[in-house]
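Trainee: Listed here are the chains, written in short residue letters.
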Amino acid sequence: MQVGGRTRVLEEQDETALLRRVGAGDRVAFQALYRGYFGRLARFLDRMIRNVALIEEVINDTMLVVWQKADSFDGSCKLSTWIFGIAYRQALKALNGLDEPLEAAQDQCVAEGDQPEQLLQTRQLEDGVGRALASLPLEQRVVVSLTYYHGMAYQEIADTMGCPLNTVKTRMFHARLKLKDILSEHREEMR
Amino acid sequence: MSTSTVLSASEHQAMQELLPCLLTGTLAADVAARLEQHVQACSDCRAELAWQRTVQESEPALPAGLDMEGALARLLPQLEDQAVPARLQPSLSPAAPALQPGARRRPTRLQRWRAWLAQHHWQRWAMGAQFAAIALLVLQLPALQHGAAPAYQALGNGAASMPDVLVVFKADARLDDIQQLLRRHAAQIVGGPTVTGAYMLEVAPRQQTALLAALQADPAVASAAALTAEAPVEPPR
Chain A
1 MQVGGRTRVL EEQDETALLR RVGAGDRVAF QALYRGYFGR LARFLDRMIR
51 NVALIEEVIN DTMLVVWQKA DSFDGSCKLS TWIFGIAYRQ ALKALNGLDE
101 PLEAAQDQCV AEGDQPEQLL QTRQLEDGVG RALASLPLEQ RVVVSLTYYH
151 GMAYQEIADT MGCPLNTVKT RMFHARLKLK DILSEHREEM R
Chain B
1001 MSTSTVLSAS EHQAMQELLP CLLTGTLAAD VAARLEQHVQ ACSDCRAELA
1051 WQRTVQESEP ALPAGLDMEG ALARLLPQLE DQAVPARLQP SLSPAAPALQ
1101 PGARRRPTRL QRWRAWLAQH HWQRWAMGAQ FAAIALLVLQ LPALQHGAAP
1151 AYQALGNGAA SMPDVLVVFK ADARLDDIQQ LLRRHAAQIV GGPTVTGAYM
1201 LEVAPRQQTA LLAALQADPA VASAAALTAE APVEPPR
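These protein sequence lines are chains A and B, in that order. Count the first sequence with this note's numbering and you get residues 1 to 191, in order. Count the second sequence with this note's numbering and you get residues 1001 to 1237, in order.
Some hints could be false.
Which residues of chain B face chain A? A few of them, derived with a C-beta cut under 7 Å, are [stated by the list, open to error]:
#: 1; residue: 1010
#: 2; residue: 1020
#: 3; residue: 1024
#: 4; residue: 1055
#: 5; residue: 1056
#: 6; residue: 1058
#: 7; residue: 1059
#: 8; residue: 1062
#: 9; residue: 1065
#: 10; residue: 1066
#: 11; residue: 1072
#: 12; residue: 1075
#: 13; residue: 1079
Note that these hints are calculated values from the structure, not bench results. All C-beta atoms in this analysis are idealised placements derived from N, C-alpha and C, irrespective of residue type, glycine included.
Chain A extracted, bound-state conformation:
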């Protein structure tokens, strides 16, 4: 199944309306919310957990909490911030519960001869960014991911991670320096 292709990003108003129905026990609304968030949560969790089975497990744990606690969402933050906050804590819990650290997923083999040069370059750059992100400490990785790939403001990230705003800024600052250093070998592609 193509996660990205089938997942429609819901508008915030749609989401809130869905959550109200979920709070009333509407399973159809829950499924719509689940499908709306699966791809986003998977992209986010992939930065924390490089294991497909565990990503699905954490998404399900997250959405189960959403089902149970839909009534308690008070609108004091965006719904996405609330859900990502739950996912972040569930992922930390899953990582803490592992006997041994997860191996980073093997990069998929790319048949270089089959790809046009530009596509290959894009793929190499994505791989480079992926490796660079993977080398960051977890908290910095999460901040970078939520900023660049989920468009969250620093305050939303602070709410999601349960830390002060300045901590988010500091993490982003150090992450950018490290990324720049690590990605220096891709300087040509990044121009």
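Please arrange chain B on chain A, whose structure you already have, making use of the hints.
Mentor: Positioned in the frame of chain A, the structure of chain B alone reads:
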């Protein structure tokens, strides 16, 4: 609002820290306008913004193998168990403090099984299955000694609380085939998948051996193992 393009080092630093927010459009309009004005005049910030845009546009691809519909299908049965108590609680105790997001109620036995599975390896499963088989044999011993089945079968409780079969399907297994296989042997999935991809099955009485043989012979199955001894056939009275 006028903006000086000549900034102190600390102001320039502050501007640079805001560049990611400019990129993602999460700044207030007035701050964004001031920053854009600065970027126009500052080659360092222009280069930095371009670099960050490239990082943003180069989000690594998702790993292969994610199955949204499969994951949702596994979650939906759990909603049934969770719905009633979670929704009754607020009306029963309105003064109770709101549960924090992510807080869990006491996990069910099945959830505890799943958590245990997620943290343990196949070898421990094998040990568990052996232990269960030994326990069943020990409990059957008095009945065998007296030559008749006891009126009260304590084994029933044990069998109900433990899945009968543990199975791992191959990655390319088709949902239709699995459903047909399970229907044919009156079996149902009661848990899983674990981190290792195993599912727990419960099977109708006296179907376990047939199911196990069918699973082991099925090309869609990577491995299958019994977790309990099959319930004995009741002697005719």
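Trainee: Now tell me, hint by hint, if it's right for this structure.
Mentor: A quick look at each hint next to the structure:
no.	hint	result
1	1010	violated (13 Å)
2	1020	holds (5 Å)
3	1024	holds (4 Å)
4	1055	holds (6 Å)
5	1056	holds (4 Å)
6	1058	holds (4 Å)
7	1059	holds (5 Å)
8	1062	holds (6 Å)
9	1065	holds (4 Å)
10	1066	holds (5 Å)
11	1072	holds (6 Å)
12	1075	holds (4 Å)
13	1079	holds (6 Å)
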